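Asker: Here the protein sequences line up with chains A and B, keeping their order.
For what it's worth, my numbering labels the leading residue of the first sequence as 1, then goes sequentially.
For what it's worth, my numbering labels the leading residue of the second sequence as 348, then goes sequentially.
Quick caveat, the hints were computed from the structure, so don't treat them as lab data.
In this text the structure is predicted, and so the values were computed from the model without any measurement.
Treat the hints with caution; some may be incorrect.
[Claimed, not checked] Listed below are the simulated DSS-like cross-link pairs for lysine-lysine, each with C-alpha atoms no more than 27 Å apart in a straight line:
no. : chain 1 : residue 1 : chain 2 : residue 2
1   : A       : 78        : A       : 221
2   : A       : 23        : A       : 78
3   : B       : 507       : B       : 372
4   : A       : 340       : A       : 289
5   : A       : 340       : B       : 636
6   : B       : 687       : A       : 289
7   : B       : 574       : A       : 340
[Claimed, not checked] Only some residues are given here: those of chain B computed to face chain A with a beta carbon under 7 Å:
no. : residue
8   : 380
9   : 641
10  : 655
11  : 667
[As the list claims (entries may be wrong)] Stretch by stretch, here's where chain B covers chain A in the computed footprint (C-beta under 8 Å, at least three residues):
no. : segment
12  : 47 to 53
13  : 286 to 298
14  : 317 to 327
For every residue, glycine included, the Cβ atom is placed at its ideal position computed from N, Cα and C.
There are 2 protein chains.
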Amino acid sequence: MHLIHPVILCGGGGTRLWPLSRKAKPKPFLPLVEEESLFQQAVHRLAKDSSFAHPIIVAGSDHVDLIESQLGQVEVAKLVIEPVARNTAPAIALAADLLPQDSIMLVCPSDHHIANPEAFRDAARAAAELARDNYLVAFGIAPDRPETGYGYLERGEALKGGYTIARFVEKPDLSRAQAYLASGDFSWNGGIFAFRAGHYLEELATHRPAMALLVQRAVEKGISEGKRFYPEADAFAAIAGDSVDYAVMENTARAAMVPVEMGWSDIGNWSALADALSHKADGDGNLAKAGTADFDGCSGVLTISDGPRISAVGLEDICIIVSGNEVLVTTRDGAQSVGKLPGAANQ
Amino acid sequence: MHLIHPVILCGGGGTRLWPLSRKAKPKPFLPLVEEESLFQQAVHRLAKDSSFAHPIIVAGSDHVDLIESQLGQVEVAKLVIEPVARNTAPAIALAADLLPQDSIMLVCPSDHHIANPEAFRDAARAAAELARDNYLVAFGIAPDRPETGYGYLERGEALKGGYTIARFVEKPDLSRAQAYLASGDFSWNGGIFAFRAGHYLEELATHRPAMALLVQRAVEKGISEGKRFYPEADAFAAIAGDSVDYAVMENTARAAMVPVEMGWSDIGNWSALADALSHKADGDGNLAKAGTADFDGCSGVLTISDGPRISAVGLEDICIIVSGNEVLVTTRDGAQSVGKLPGAANQ
């Protein structure tokens, strides 16, 4: 039985979850849904199962201390410290270069919530099987609404445990999203992937040869310090950043997907968090997730405060976040644009 | 030319303007509309005109220091310090007992906003004339909406500069308020009155004889310290408190009113404050009255903060108040119930 090697990516900024998510302590490291942070959930949902090796963590240098403190007693294979952020394709390539070439990698964002980790692990094993057959495998999340903020995967031919991917669709408009949902042939691209390390690097060399070379050079000239690995900064900084979707998945002839229903949310904004927490809300759908709140004539209100009491009157579907010297009040519909607020953009 | 003697009542709690208005520094002493507090506005709109004597201020002992500091260089006739609050009828009687009995008193709340002080002073002079003719005179505010939160005065026979009051109506329901507004025969009772001091005390002795006696005793046994006057506490505390409307105005046969349009607002709640400040709002009707705020897709939003930045997204007709360890977010419609929130009620 070959172990699956988790690669946990910690690059997400989470500016739409400002003012709680800030540069110094962004979204993955916040206890948004449970008492553990999303990063800790990502680590722990793999650590309890013998299918998975110790994870490789890929992160920016600003968050190394945070990561090591949040890992606690959990062992990691490596902590790869990016000198600069260059998006997901190079981050995954760093891990692929550091692993034996026949290893199966399971690439996981560190800032998603998965209500059903058992279903996640089952899908990971199915994806690993397809990756051993030289597929580049994406998790295809069962959609439950016509979301326009995600990429979609269209199912192709059936494979053992999954499907080929007939088509990638970037964020569709509402009418197309509704058609995708109705058809049953489309899944959300959840940013979770399984690859054979060597296969990923071969495809990267084909579709982004300069990137593949620069990552290889950054790893060759990199420095190990205990579990920490520092890729060489000049080579890595010279990379033109790109996502794994654009650089590899949309170009390969070997794209596959495993369908999965696992209570997934990317907690992409305050409204998504309110959805993920809705089972904890009171009879009117109100929830004081952190801190004290009084609700009068409210429904669907989520409050989070690091100190001050929040009093809400007559509100419907509103999120109120009090953090440090910032107070955010947003409608559910407005939550998507929080990242563009002056406070979030000019940190 | 006889001077008019202003009597400024500082008893209002202003709990509907919590969390800015608090027990230690309630509504009259806050700079809600202008840079001056409402109390300072009440004093200054009389101090600049030779028709008016130095005012008598009636206040609770908790706020004496605040009053003296906010008065600055403005001279007062007396500062009457109530040992306990017993509503407006006894408060006015204290001042009436301390004045020569033929003086004309102008009773003014300290927590209202008047956009046109010239119109206020003209109405005060007209009311004083009627008071000299032994009328108990209320200001009749021209209504501009079917407000259900105020008392109404129905006009009777024409007098010089005013009308008799045919009827007092307590807070009507909406359909009656709409009918009153349409008829043109009704004014709001703004809580501003002109009385001859001796006449007020005679009417009080007729309609509330116990109250009149106890006030008289509290004044006889009271103590002067410079401008300060302390009514005797036991006698005053024994009074069954009542409003001037219930105790005197609704019982006298000599009730009159002067009609006035003066840009009046009692700033009764956050929605009323937003209305009073609407001329300062931006093109979308948003206003950061105090502190910094960023608005994105908002209209009709009022923010007040004593420190933290407020970021508002997608909101319509909402008031956001950040003060000390309290954050209030209320709809305009909900503003009326803010005083019943746990934070406001359990100070």
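Asker: Does each hint hold? Answer for all of them.
Answerer: Hint-by-hint comparison with the structure:
At roughly 16 Å between alpha-carbon atoms, residue 78 (chain A) and residue 221 (chain A) fall within 27 Å of each other, so this suggested pair holds. For the hint pairing residue 23 (chain A) with residue 78 (chain A), the CA-to-CA distance comes to about 23 Å; that is within 27 Å, so the pair holds. Taking the CA atoms of residue 507 (chain B) and residue 372 (chain B), the gap is near 41 Å; set against the 27 Å cutoff, the hint is violated. At most 27 Å may separate the alpha-carbon atoms for a hinted pair to count; residue 340 (chain A) and residue 289 (chain A) meet this at roughly 24 Å.
Between residue 340 (chain A) and residue 636 (chain B) the CA atoms are separated by roughly 23 Å; this keeps the pair inside 27 Å, and the hint holds. With a C-alpha separation of about 23 Å, the suggested pair residue 687 (chain B) and residue 289 (chain A) falls inside the 27 Å cut-off, and the hint holds. For the hint linking residue 574 (chain B) to residue 340 (chain A), the alpha-carbon distance of about 57 Å lies beyond 27 Å, and the restraint is violated. About 22 Å separates the beta-carbon of residue 380 (chain B) from the nearest beta-carbon of chain A, more than 7 Å, and the hint is not met.
The restraint placing residue 641 (chain B) at the interface with chain A holds, with a minimum CB-CB distance near 5 Å, inside the 7 Å limit. Checking residue 655 (chain B) against chain A: minimum C-beta separation of about 5 Å stays under 7 Å; hint holds. The beta carbon of residue 667 (chain B) comes within 6 Å of a beta carbon in chain A, closer than 7 Å, and the hint placing it at the interface holds. With 0 residues having a beta carbon nearer than 8 Å to a beta carbon of chain B, the segment 47 to 53 of chain A misses the requirement of three or more and the stated coverage is violated.
Residues of the segment 286 to 298 of chain A lying with their CB closer than 8 Å to a CB of chain B number 3, which satisfies the three-residue condition for coverage. Against chain B, the segment 317 to 327 of chain A contributes 7 residues with a C-beta closer than 8 Å to a partner C-beta. That satisfies the three-residue criterion, and the hint holds.
Hint compliance for this structure: hints 3, 7, 8, 12 are broken, all remaining hints hold.
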